[in-house]
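With chain A held as given, fit chain B onto it using these hints.
Number of protein chains: 2
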Amino acid sequence: MHIILLSGGSGKRLWPLSNDIRSKQFIKIFRTKDGSYESMVQRVYHQIREVDKEATVTIATSKTQASSIHNQLGDEVLVCVEPCRRDTFPAVVLATAYLHDVRGISGEEPVIVCPVDPYVEIDYFEALKKLADIARGDEQDKALKGGANLVLMGMEPTYPSEKYGYILPTDKETVSGVKTFREKPDAKTAREYIRQGALWNGGVFAYQMKYVLEKAREIIGYADYETLYEKYDTLEKISFDYAVVEKEKNIKVMRFKGQWKDLGTWNTLSEAMEEPCVGDAILNETCENVHVLNELDVPVLCMGLKNMVVSASPEGILVSDKEQSSYIKPFVDKIDQQVMFAEKSWGDFLVLDVTRESRTSKVTLKPGHGMNYHSHARRDEVWNIISGKGRCVIDGKSRPVKAGDVLEMKAGCRHTIMADTELKIIEIQLGPEISVHDKQKFELETKEE
Amino acid sequence: MHIILLSGGSGKRLWPLSNDIRSKQFIKIFRTKDGSYESMVQRVYHQIREVDKEATVTIATSKTQASSIHNQLGDEVLVCVEPCRRDTFPAVVLATAYLHDVRGISGEEPVIVCPVDPYVEIDYFEALKKLADIARGDEQDKALKGGANLVLMGMEPTYPSEKYGYILPTDKETVSGVKTFREKPDAKTAREYIRQGALWNGGVFAYQMKYVLEKAREIIGYADYETLYEKYDTLEKISFDYAVVEKEKNIKVMRFKGQWKDLGTWNTLSEAMEEPCVGDAILNETCENVHVLNELDVPVLCMGLKNMVVSASPEGILVSDKEQSSYIKPFVDKIDQQVMFAEKSWGDFLVLDVTRESRTSKVTLKPGHGMNYHSHARRDEVWNIISGKGRCVIDGKSRPVKAGDVLEMKAGCRHTIMADTELKIIEIQLGPEISVHDKQKFELETKEE
Numbered sequence: 099m100h101i102i103l104l105s106g107g108s109g110k111r112l113w114p115l116s117n118d119i120r121s122k123q124f125i126k127i128f129r130t131k132d133g134s135y136e137s138m139v140q141r142v143y144h145q146i147r148e149v150d151k152e153a154t155v156t157i158a159t160s161k162t163q164a165s166s167i168h169n170q171l172g173d174e175v176l177v178c179v180e181p182c183r184r185d186t187f188p189a190v191v192l193a194t195a196y197l198h199d200v201r202g203i204s205g206e207e208p209v210i211v212c213p214v215d216p217y218v219e220i221d222y223f224e225a226l227k228k229l230a231d232i233a234r235g236d237e238q239d240k241a242l243k244g245g246a247n248l249v250l251m252g253m254e255p256t257y258p259s260e261k262y263g264y265i266l267p268t269d270k271e272t273v274s275g276v277k278t279f280r281e282k283p284d285a286k287t288a289r290e291y292i293r294q295g296a297l298w299n300g301g302v303f304a305y306q307m308k309y310v311l312e313k314a315r316e317i318i319g320y321a322d323y324e325t326l327y328e329k330y331d332t333l334e335k336i337s338f339d340y341a342v343v344e345k346e347k348n349i350k351v352m353r354f355k356g357q358w359k360d361l362g363t364w365n366t367l368s369e370a371m372e373e374p375c376v377g378d379a380i381l382n383e384t385c386e387n388v389h390v391l392n393e394l395d396v397p398v399l400c401m402g403l404k405n406m407v408v409s410a411s412p413e414g415i416l417v418s419d420k421e422q423s424s425y426i427k428p429f430v431d432k433i434d435q436q437v438m439f440a441e442k443s444w445g446d447f448l449v450l451d452v453t454r455e456s457r458t459s460k461v462t463l464k465p466g467h468g469m470n471y472h473s474h475a476r477r478d479e480v481w482n483i484i485s486g487k488g489r490c491v492i493d494g495k496s497r498p499v500k501a502g503d504v505l506e507m508k509a510g511c512r513h514t515i516m517a518d519t520e521l522k523i524i525e526i527q528l529g530p531e532i533s534v535h536d537k538q539k540f541e542l543e544t545k546e547e
Numbered sequence: 099m100h101i102i103l104l105s106g107g108s109g110k111r112l113w114p115l116s117n118d119i120r121s122k123q124f125i126k127i128f129r130t131k132d133g134s135y136e137s138m139v140q141r142v143y144h145q146i147r148e149v150d151k152e153a154t155v156t157i158a159t160s161k162t163q164a165s166s167i168h169n170q171l172g173d174e175v176l177v178c179v180e181p182c183r184r185d186t187f188p189a190v191v192l193a194t195a196y197l198h199d200v201r202g203i204s205g206e207e208p209v210i211v212c213p214v215d216p217y218v219e220i221d222y223f224e225a226l227k228k229l230a231d232i233a234r235g236d237e238q239d240k241a242l243k244g245g246a247n248l249v250l251m252g253m254e255p256t257y258p259s260e261k262y263g264y265i266l267p268t269d270k271e272t273v274s275g276v277k278t279f280r281e282k283p284d285a286k287t288a289r290e291y292i293r294q295g296a297l298w299n300g301g302v303f304a305y306q307m308k309y310v311l312e313k314a315r316e317i318i319g320y321a322d323y324e325t326l327y328e329k330y331d332t333l334e335k336i337s338f339d340y341a342v343v344e345k346e347k348n349i350k351v352m353r354f355k356g357q358w359k360d361l362g363t364w365n366t367l368s369e370a371m372e373e374p375c376v377g378d379a380i381l382n383e384t385c386e387n388v389h390v391l392n393e394l395d396v397p398v399l400c401m402g403l404k405n406m407v408v409s410a411s412p413e414g415i416l417v418s419d420k421e422q423s424s425y426i427k428p429f430v431d432k433i434d435q436q437v438m439f440a441e442k443s444w445g446d447f448l449v450l451d452v453t454r455e456s457r458t459s460k461v462t463l464k465p466g467h468g469m470n471y472h473s474h475a476r477r478d479e480v481w482n483i484i485s486g487k488g489r490c491v492i493d494g495k496s497r498p499v500k501a502g503d504v505l506e507m508k509a510g511c512r513h514t515i516m517a518d519t520e521l522k523i524i525e526i527q528l529g530p531e532i533s534v535h536d537k538q539k540f541e542l543e544t545k546e547e
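If you read the sequences in order, they're chains A and B. Going by this note's numbering, the first sequence opens with residue 99, and the numbers climb by one from there. Going by this note's numbering, the second sequence opens with residue 99, and the numbers climb by one from there.
One chain only, chain A, in its complex shape (with noise of 0.2 Å):
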């Protein structure tokens, strides 16, 4: 099975836990076997996972998720990274171009693309194994009257939500046909939808990869994966759904009755958690369908609360009614908040302190990752190892650190650091203007000191 999850977003719906750099497929609010969190997106991938050993899993995103994804899933995850955003229909021909040109896998292949996010069960990967069959126009499937171009799952809708696109098909069977599409429509157009038999579009669906790449050719003149990256951001942005779905005639769909849910919001979100806390959080007696998410290394005490959700983060704190916290896009908008915390390929940085000239973090490597080897042009570094040993780097001479260690960066130094084993470093910067932008990247040379 090779699946193409689509990974986007920038979720300023699940602030303060989500923000410009961090979406909410990263959040880890799901309790594992072990005790610990996972993130929907680890969750999917074990999901996948525990369906099917050898599938292969490419996940397709921007280039700001890059990190997080390999700092959540290893260096063994695919990553088909977009050079820029051009909606889906290129961002699914890249993926797949990737699998055909760059890994080599067969056109005959079927391929199947869904969103990294929903919530679902194990039922939900067999259906998706089901969904390739069909695409592959296997013998088992021969009873589904052939084969199709394009296989789209439907999910049988729970209520007339216009949020989705809704598919309408030919007829009651678990395969069929598919009459029409509607893009979201309003909630009365919804229910007659509905009333007619139709299913929601949850932008899952399967086809062999010479079809797509076929279609890409066409429409943007697709040769191979090296020229599509190259010339990329030259791309229309346009929909898989408009660019190809609403225009094949060979098409069919399959419904899909188990869980699947979209924990878009606080209210749905909190609808998912097992437990009432997440982190360090105490509800008194008087609660009343309350959860709290606390990231936050001090502790929330919720009393007397009925219907609500808290959550606190190095970004910020929400304080919201569940129901009302469906309209806090406007409210995350107007907030000018620089991103506090981030997950980065080689670990992760904690702002904890800002000044006018300063800026204090706490910065995790991973064992056997470091940073690029860059200098700043504007400010000076400082860091205090706190934990851990490694090797830094520092205008070419190499040397090993551990905890203790003070390392001085003046502006235009160059340096980078090495963790061997779990590395922390409480890291000052002083400068007059300390912004990301001011960071220049340079090949490693070192010499042993």
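Note that identical chains are pooled: a pair holds if it fits in a single copy or bridges any two copies.
With a cut-off of at most 20 Å between alpha-carbon atoms, the simulated EDC-like pairs for lysine to aspartate or glutamate come out as follows:
id: 1; residue 1: LYS500; residue 2: GLU531
id: 2; residue 1: LYS539; residue 2: ASP446
id: 3; residue 1: LYS500; residue 2: GLU525
id: 4; residue 1: LYS427; residue 2: GLU383
It should be emphasised that the hints constitute simulated quantities derived from the structure, not laboratory data.
Frame of chain A; chain B shown alone:
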């Protein structure tokens, strides 16, 4: 006017803004004319100055609060530090002896004693002046049938509270004799007392100093301030009410009808707030009767809340229904959070990060102030100066310091730092057992480098 302000209490009821070392009177919540915020102790101090520029204000308090008092009121305020806590009779005697023996104020002079934390307006302090005049037995008070050894202020009760003592006056005049006292009665008894014209005992009283010093001679063998201070820890814990008030025959009570509130719970405190938010907070339009006190640098967003208080500090976060907030104490008692923020006489510190073997804090020194000269046996320290100018002494060697300097002190090394301008330092402590008790103080001996 000579006033002794009793400043006590550890105040878990206003967690997370109050804690073991930070009492409610130091929380800055009252908007001043210049737009900044002041605490209860600052508000009371400024109100006294407004009524009487020449007033002698002495704050009787514990060692732990003395730093906060100097930090908030400056160095000129008189602070009478109790060597240990011994209830109000020893505290009042010690402060009176301090005024008489150390400050040289005549025994004929009246003194007013009152708690530091009532929420009152200017009329209260006008009434205190009157109370002192009666205690002095001035000409103008001959109409009051002569002076009295002790003059109490009786607050007109607004409801049958169970938390105050009651004073039953002999008549309904502004100043009258006292028929009887009643310690905190139940609501039913309180109602009956109020019906009979009883007043609340707010712990506010005035006397000529020689009267209390004479009582102290009789009861605890007072001789002078010095010897009293020396034997303070051997004194019995006894309240002023019990030791003196309830036994005194020549006693008067003066009615006070103005505002007099105890802001001891989140409910009463928020009622006294002039605006719904102190600190960075956003309330959406569906919030009703919500108060937010946010001491963190990140925003609090509230949506759809009714009758609630939200408070965030470096110690934790409280989200509570206002009525429920009165029951906070047992929950806070269970929280084992180390002190994250503290005011010191030289400035303040804020803990930014704690790991198993490290602690990172932001230390701010006020201009002209410095720490004690000290060392730690079991931890190394690094000072990263992030702003300001000053001078440090490390193992006897003095040198100027400025933003960007990094100072490393190994365990055992003696060190201090003094601020010329406001000095901000990121302090990293590293060691196996980081404890506030691991500190040895020394006399400062320096040689210029």
